[in-house]
Amino acid sequence: MTDPTSLSPLDLETPDKTFLDANELVINMGPQHPATHGVLRVILRLDGEKVMGLECVIGYLHRGVEKIAENRTYTMFNPYVDRMDYVAAVSNGLGYCEAVEKLLNVEAPPRAQYVRVILTELNRMASHQLWLGTHALDIGAITPLFYTFRDREEILKIFEKYCGARLTTHAFRIGGLQYETYDGFEKDVKTFVAFVRPKIDEYEELLTTNRIWLERTKGVGKISGKDAIALGVTGPVLRASGVKWDIRKALPYANYKNFDFDIPTGENGDTYDRYLVRMAEFRQSLRIIEQAVDHIPEGSIMAKVPKVIKPPVGEIYHSIEAPKGELGYFIVSDGSTQPYRIRVRPPSFVNLQALEVMCRGQLVADVIAVIGTLDIVLGEVDR
Amino acid sequence: MHALMQYIQSYLDSDKTPGGAGNIFWATVYILLVFAGLSVAVIAMNWLERKILAHMQVRLGPMRVGPHGLLQPIADAIKLLLKEDIIPAEADAVVFWIAPFIVVLAAFTVFVVVPFGPTHAITDMNIGILFMLGVSSLSVLGIVTAGWASNSHYPLIGALRSSAQMVSYEVAMGLAVVSVILMTSLNDQSTGTLSMIGIVQAQLAQQEWFIFKFFPLGLIGFGIFAIAMVAETNRAPFDLPEAESELTAGFHTEYSGFRWSLFFLAEYSAMIAVSSIAVTLWLGGWLRPFPNLLVAPPWDLVFSLFPAITFLLLAAMCFYNTARMPKHPLFKVQTIGLAGFGVVLGLIGLILFLPAVRLRVNDIFWFSAKVAGFMYLYIWYRGTFPRYRFDQLMKVGWKVLLPTGLALLVLTAFVGMRTELWAELQGVWRR
Amino acid sequence: MNPAGMIPAGTNPPVATPFFFYLLAAIMVIGGVMVITRKNAVHSAMALITTLLAQAALYLMLYAPFVAGVQIILYAGGIMVLFLFVIMLISVERAEKERQFNKQWPVGIVAAAALGGLFIAVYTTTTKGRALFPEGRMTYGETQNTQQIAALLFDRTAGQYMFAFEIASLLLLVAIIGAVVMAKKRI
Amino acid sequence: MIAKLKGNYGSGIEPLTYLGQNYMVVDRSLIPEILQVLRNEEQFDYCVDITAVHYPKREKQFDVLWILYSFPRNQRIRVKTQIADGETLPSSVPIWATTNWLEREVFDMFGIRFDGHPDMKRILLPDGWKGHPLRKDYGILQQDNEWVQINLGIESGQ
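Residue numbers (the working numbering), protein chains in the order written: chain A, 3 to 385; chain B, 31 to 461; chain C, 53 to 239; chain D, 53 to 210.
These are calculated hints, taken from the structure and not from any lab test. Where hints are given, some of them may not hold.
[As the list claims (entries may be wrong)] No farther apart than 27 Å at their CA atoms in a straight line, the calculated lysine-lysine pairs in the BS3-like style are these:
hint	chain 1	residue 1	chain 2	residue 2
1	D	Lys182	A	Lys69
2	B	Lys429	A	Lys224
3	A	Lys52	B	Lys362
4	A	Lys69	D	Lys56
5	D	Lys132	A	Lys69
6	A	Lys189	A	Lys220
Source: prediction; values computed, not measured.
Please work from the sequences and hints to get the whole structure.
Below, the structure is given as structure tokens:
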């Protein structure tokens, strides 16, 4: 557990003296900055190039998703969740649908479960590919971006064929799937798995043993397992710190307990380990997809769900392992067609909080690397 | 009038550079030629970089303006010249205005001594290499003042970074250069030279490119220089001053339009300049490959055909791509343009077969080909490497390259003097 | 333009020497005045750089390319960059408020005028047609002297300054180490 | 665990289960102590989320929830308490560092203050904004017109 006093807030009233006098420079990064992955504003307090402290200013993309939810029916709100983490829209939808299903006390039929797992894992890969490309770009390697986007395109094509949308898919419905899979879905997925496996080796070839990459990422943005837990960090960032915890295994949802996969972990909790963990997650996702795609059962894709969704009075918290970490939905129902309150527990938001701890004492260039390695999506941070 | 013609013609028989012969007419012609060639090279480099980088990254690059985007750099140049020239309100207008010119001036002036051939240089100073290093280091001044005059945090940090980087790497660079100068003194009179032409002639006299001299010492020196020159020109993986993800665009963040394009021009001509130093010092300058092994006259003929063949191959590539162009009315202009370009290249190739032209151009061709190899390396680095962090960059410069350079210098001196040393030692032993 | 026949073979004909001399000298003088009159320290530094570069060009005109090269590398390239570094890190606004000249400036002007008068006296002929030091004027040889410098410093037989040169380098090394020790709190 | 807590604190705690998820309703006065005990003795080392629900018709208008997770026990629990408008809660930043931003968000959205929080200010909305949007009396189209006009220079954000 970190000493909370070490997380003292920045005194932004420091007058902007000249450098020789103050030895300190307050620099504003963002909200329009190429490396902050959106409209994140980071106020850095520097001593030379060393970061003495920083403060994140967020909210530039705040759309009041939770307020909107209170004014929409359960079904109407479903597409909105796609707009939070727009890189992993399928995962968002899965979390939301499962939470409402739990509240309704229904379960999606097996066929739907399998397709859900396949699409979610594909989406996890797409999200990780986007992360890898932009992260490498931030560190200065421009080529991986194009490689990952080329391959991510194949995933988006599958999404497009399945539901017509590429990014904000709205793929699932409460109680099952929005659409039956198209003809050749299994074949497409299998082709993709065979196609992408050597490509992942290709990414690794460019980066994993690259000396400059090692120097830029090893020992950068270190966070210990204890600190990570205290800061509520989840997902690959937590696992890279050596905590073997994945909601898919710890509190299984969907039908993840039917699949055989490992939880990759790191040791040092630095940027390089987080990179390795995510690269390993690519392969685990492929494993899950391979197992799932061969055994998609026949049957209905929708459970028996009333036309008008009216969950009984009560509240539920349900969370899934999104590509970024624990994505939780806390839903309070008052028995009407509209949720009384929906709270989204966004992984990016909580992970971003660790930025200060990870960056303190590092250099400016490392802040860029750490923002990249946290894999934040501002749509989700600000909601 | 007759005297003037005589004055012009008198140079043609001389075996000196125009500057060395003191011929103002030809010196002016050479200056114009070099700077025109340089501008063309920068424009071509712009297109090539975008194209090659694109192909490394599984995309096409510019394809719209002209066939295969050949006219893209020209369109870019027009765009840049027509853009509004913004001077920030809080900037120091005078310094802001001067800074890009300092950089361009420094980058262009060094070409005064670059030897494209034994007589193909504007002038030959007997401190040639010193002049090149000195003048190219002046561009730091322009960068620092540009960053300061912008009166903004990011450019200032970028400028401080880049000047610290350039000053640091100059040291290692200088050591590598000195080791070559030691090598030039290995002749009967043990007279070394700083002259760019003299260095190449020393390689010719010793029948060896200096990269292979005292293997692996020459190679190490070349390696040090090859690393330092990338850092010196602020290119990937040492492009920290312009680290897009950290400092947006470094010292030229606040510049736009024409002034920005001056920085661009200076960066690319500086790349060409340092590459020419490397070529001159280690790769035998204008000498053709294997000057010592394949010496018979037939080989001279074979190697002198290379320029023509290269241009014919380029022309053939153009024709091949013309044939592959989509047969659609919309592509008509582009197809004709590409074919025309191929015809021009082919004609140049044919002209290069003429013996009179062939012999004069041969040196320039080999020099340019070697420099072009370095240019390709620059692009390749950019496509492959992540960026160093600032402290790591300094570590590489001061803790790796500098000691290596010092050791190299001492070793080169020892190896160069080994017979004399041996004799001396034997004398001491006998006594 | 000189007709070709007038140029003796093997020598470098002077190219508009007086014109370039006066041009460079004027640049130097104007630059020097700007160095002390500009309020903004960066502008002063730029003026100083101009002066130093013009001086390097003058050395070139004197057929001393080595000195010119060293002038560019050391003064214009190295020292001025460090100057600029330091100047940029101090507050320009505050420096502009401070008084530029101290109280002794009339004395300085008198001294400068006296020195200038002396120079003029030395280099001009008097009304009686004779110079103050007629034999003191020197004409330079029109050959480049880089090799001679090297020979003077390092040659085994003719070299006289080898030891002094090495001692000077050692002194500089000590100065560098001293600067590092003083600047860095912990090493 | 529940029995032990119940034994120690008596009627202040009401353990409940809904759809297989455990939660307990805790009296406001017991909150600091309970959270401390849950963290230190019952090993709930990960604070998943803090949030609130607004019931304008009740006397104690707000439900505030802590969602906790224990790595060693692989268990999730929700701690719930009711407070009135204007009442404050103790900050749990000393217990879980992660609650820093979460508490700021609750303050931002509901106006519930946490005592002892190192930097209690708005997080998602701009600093000068008036009103707390997730309260039920804050309309879906409502906004701080004054702020919008001053800072954005436009008549209305809609």
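Hint check results:
1. Lys182(D) to Lys69(A): Since the Cα atoms of Lys182(D) and Lys69(A) sit roughly 16 Å apart, the hinted pair holds (cutoff 27 Å).
2. Lys429(B) to Lys224(A): Holds, at about 25 Å.
3. Lys52(A) to Lys362(B): 58 Å, violated
4. Lys69(A) to Lys56(D): 39 Å, violated
5. Lys132(D) to Lys69(A): 21 Å, holds
6. Lys189(A) to Lys220(A): 40 Å, violated
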